[in-house]
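Protein chains: 2
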Amino acid sequence: MPEIKHIVIIGAGRVATQLGLALKKSGFHILQVYSRTRASAEKLGKLLNSEITIKLSEVDSNAELYIISLTDEATLEIVDKLKLVNKLVVHTSGSLAMKILKPASKNIGVFYPLQTFTIERPLDFKSIPICLEANSQANLDLLNKLAGRISSNFQDVDSDQRKILHLAAVFACNFPNFMYSIAENILKNSGLDFNILKPLILETAEKIQHVKPHEAQTGPALRGDDKIINEHLELLKNSPEFYKLYSDISKIIKEQSNKQKN
Amino acid sequence: MPEIKHIVIIGAGRVATQLGLALKKSGFHILQVYSRTRASAEKLGKLLNSEITIKLSEVDSNAELYIISLTDEATLEIVDKLKLVNKLVVHTSGSLAMKILKPASKNIGVFYPLQTFTIERPLDFKSIPICLEANSQANLDLLNKLAGRISSNFQDVDSDQRKILHLAAVFACNFPNFMYSIAENILKNSGLDFNILKPLILETAEKIQHVKPHEAQTGPALRGDDKIINEHLELLKNSPEFYKLYSDISKIIKEQSNKQKN
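The listed protein sequences derive, respectively, from chains A and B.
Using the numbering used here, the first residue of the first sequence is number 1, and each one after it goes up by one.
Using the numbering used here, the first residue of the second sequence is number 1, and each one after it goes up by one.
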C-alpha cells in the first residue's frame, strides 16, 4: 500500500470536522469532503481547503485513504455504493464491526477516536486515545503511522473490544453529562445558577485521573445516610423520573459500599 | 464581634483537613483541632501546627471562630455539648439548617464549600464556591471577609437554597463518579484498561464549563439509536443492575430529546 498523503473524508459531522482539522494541521492533504447535505459539505470543505461533493459517484479516486465518519446507519447504507476496490477505507465508529466495510474495498480498517466531539470546540488530538484495527498488518502499519502523526495515544483494539469500550464510554461520558443536565434542571427550578457547580464537576473528573473511581466515591449514598437521601427524595417528589433515578442509583451505591465493607 | 484571627476546628475529616490547610495558608491561626479519634486529631493537628483535644469539655475558648466539620449526625449530637455562648460557630454541611447550631451559641452561621474533598489531594481553594449564611449582618460580614481570604468565589445562600445545591451536587458529582465506576467495572470484566477513558471523562467535564449540559448531550440515547442501545443492553445482560440503569437513563434521555424536538 502506498504511504498516506491524500485523504477523502466521507461525512461532515462532529468527528469528521475535528478529525479533518487535526489531519490537515499535521500536514495531510484532505482532497475532498463528501456529505449528503451541500451546506455541511461546503462548511467543512472551507475549513479543510478541500473540494466537496454531494454524490457518492463523484468521490475522488486519487486519495490513499478514505475515512467514513457518518452515523452507523448512514455508513451501512453507503458501503456498497462506494467502489474503492483496493483503496484503504476506514470508519470511525465505536460500534460497527470492521467487516461491514468489505463491500467497499479489499483494504479496510477502523480509526476510532475515543472522545466526545463538538463542532465548535477545537480539541487537542494529542491526548485523544485512538483505537485502530485493520484487515492486514500492512494496513495496520499505515494506520499506526497516521495515528502517530496526530496523537500520542493510540492502540490496537479489535471489533469486540471496541464495542465494550463504546459501552463504557456511554457510562463515562453520556450518562455523567445527563446527570449534569439534571443538576442544571434542579437549580433552574429553584432560580439558582448552574455556574456554582462547575468547579465541583471539574474536580470530580480530575480526581479520577489520579484515584480509581470506586475509591473516589463520596456522598450520602456511600455513607448510607438515609436521612439526607430521604430529604433529597422529598425535594424530588414533583419530578418522578429524577426521583426514581436518585433512588435507584443511591440503592446500588449503598449495596456496593456494603459489599466492600463486608 | 471581634475580627477572626484564631480558629478552632471541630472535626478532622476531609473537609476539616482541606479547609484547615487553606485557612492556615491564608494566615489564620488554627488554635486547636478536636476529634473523637486521637489518631485523626493528631494527624490534622500536626498538619496545622495546632493543639489537639479529644474532649469537647476541653475545647479552647480563646478563638473567635469555631468551625464544626463533622458528619451531620455527629454535628447534631455535639451542638448542645458545646457551650460557646457568644462565640461565632459555623458548620460546613450542605444539608443541615443553620438553626441547629442555636444550642451552641448566640452567633451562628454556615460555611459550606461546594466541592468534593479527598484527604490526600490538595485543592486550590481559590476557585471553590463557598456558600455563606449567618444569623446577623455582622456575622455575615465576618464570614464574607474570611471566605474572601481563601476563595474568590463566595456568596450568600440560605438554608433552603443550600439543600437544593446539595441535592444538585449529588447529581453533579456523586452520581457521575458512580457512572465512572461502572465504566471501570465494565472494562475490568473484559480485561481492558480504565486509563483509556480518562481523556473522555475530562473533556466531558471541561465541555460543560462552556456549553450548557443539555446542549452538550451526545450518545446513542440522544440520537434515538435503538440498534446500539440494544447491543449495549445485550452486553450488560449479566449485570442486571447496570442493565436496568442503562435502560432507564437512556429512556429518559430519549424522552427529553423528543420533547425538545417537538
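Since the hints were made in silico from the structure, they are not lab data.
Bear in mind the structure is a predicted one, so any value in this text is a computation, not a measurement.
Just to be clear, a hint being listed does not mean it is correct.
Identical chains share a label here; the pair holds if one copy fits it or two copies do between them.
As a list, the in silico DSS-like pairs of lysine-lysine whose alpha-carbon atoms are at most 30 Å apart [said to hold, decoys possible]: (1) Lys251 to Lys227; (2) Lys81 to Lys24; (3) Lys227 to Lys237; (4) Lys188 to Lys237; (5) Lys188 to Lys99; (6) Lys198 to Lys81; (7) Lys83 to Lys55; (8) Lys24 to Lys106; (9) Lys5 to Lys145; (10) Lys259 to Lys43; (11) Lys227 to Lys83; (12) Lys244 to Lys43; (13) Lys25 to Lys46.
Status of each hint after checking the structure:
For the homomeric pair Lys251 and Lys227, the shortest alpha-carbon distances inside one copy (14 Å) and between copies (29 Å) are both at most 30 Å. When the C-alpha separation of Lys81 and Lys24 is checked against a cutoff of 30 Å, the pair qualifies only within one copy, where the shortest distance is 27 Å, while the shortest distance between copies is 69 Å. Taking identical chains as interchangeable, the C-alpha atoms of Lys227 and Lys237 lie at most 30 Å apart only when both belong to the same chain, with a minimum of 16 Å there against 33 Å between chains. Taking the closest pair of Cα atoms, Lys188 and Lys237 come within 30 Å of each other only inside a single copy of the chain (16 Å); across copies the shortest separation is 36 Å, beyond that limit.
In this assembly of identical chains, the alpha carbons of Lys188 and Lys99 lie at most 30 Å apart only when taken from different copies (26 Å versus 47 Å within one copy). Taking the shortest alpha-carbon separations for Lys198 and Lys81, neither the intra-copy value of 46 Å nor the inter-copy value of 37 Å comes in at or below 30 Å. In this homomeric assembly, Lys83 and Lys55 come within 30 Å of each other (Cα to Cα) only inside a single copy, at 13 Å, whereas the closest approach across copies is 81 Å. Only within a single protomer do Lys24 and Lys106 lie at most 30 Å apart by alpha-carbon distance; the minimum there is 26 Å, versus 67 Å between protomers.
When the C-alpha separation of Lys5 and Lys145 is checked against a cutoff of 30 Å, the pair qualifies only within one copy, where the shortest distance is 11 Å, while the shortest distance between copies is 61 Å. For the identical chains of this complex, Lys259 and Lys43 are inter-copy neighbours only, at 29 Å across copies versus 53 Å inside a copy, given an alpha-carbon limit of 30 Å. Taking the shortest Cα distances, Lys227 and Lys83 sit within 30 Å of each other only across copies (26 Å), while inside one copy they are farther apart (64 Å). Taking the closest pair of Cα atoms, Lys244 and Lys43 never come within 30 Å of each other, the shortest separation being 43 Å inside a single copy and 41 Å across copies.
Proximity of Lys25 and Lys46 under a CA criterion of 30 Å is satisfied intra-copy only: 14 Å inside one chain copy versus 52 Å between copies.
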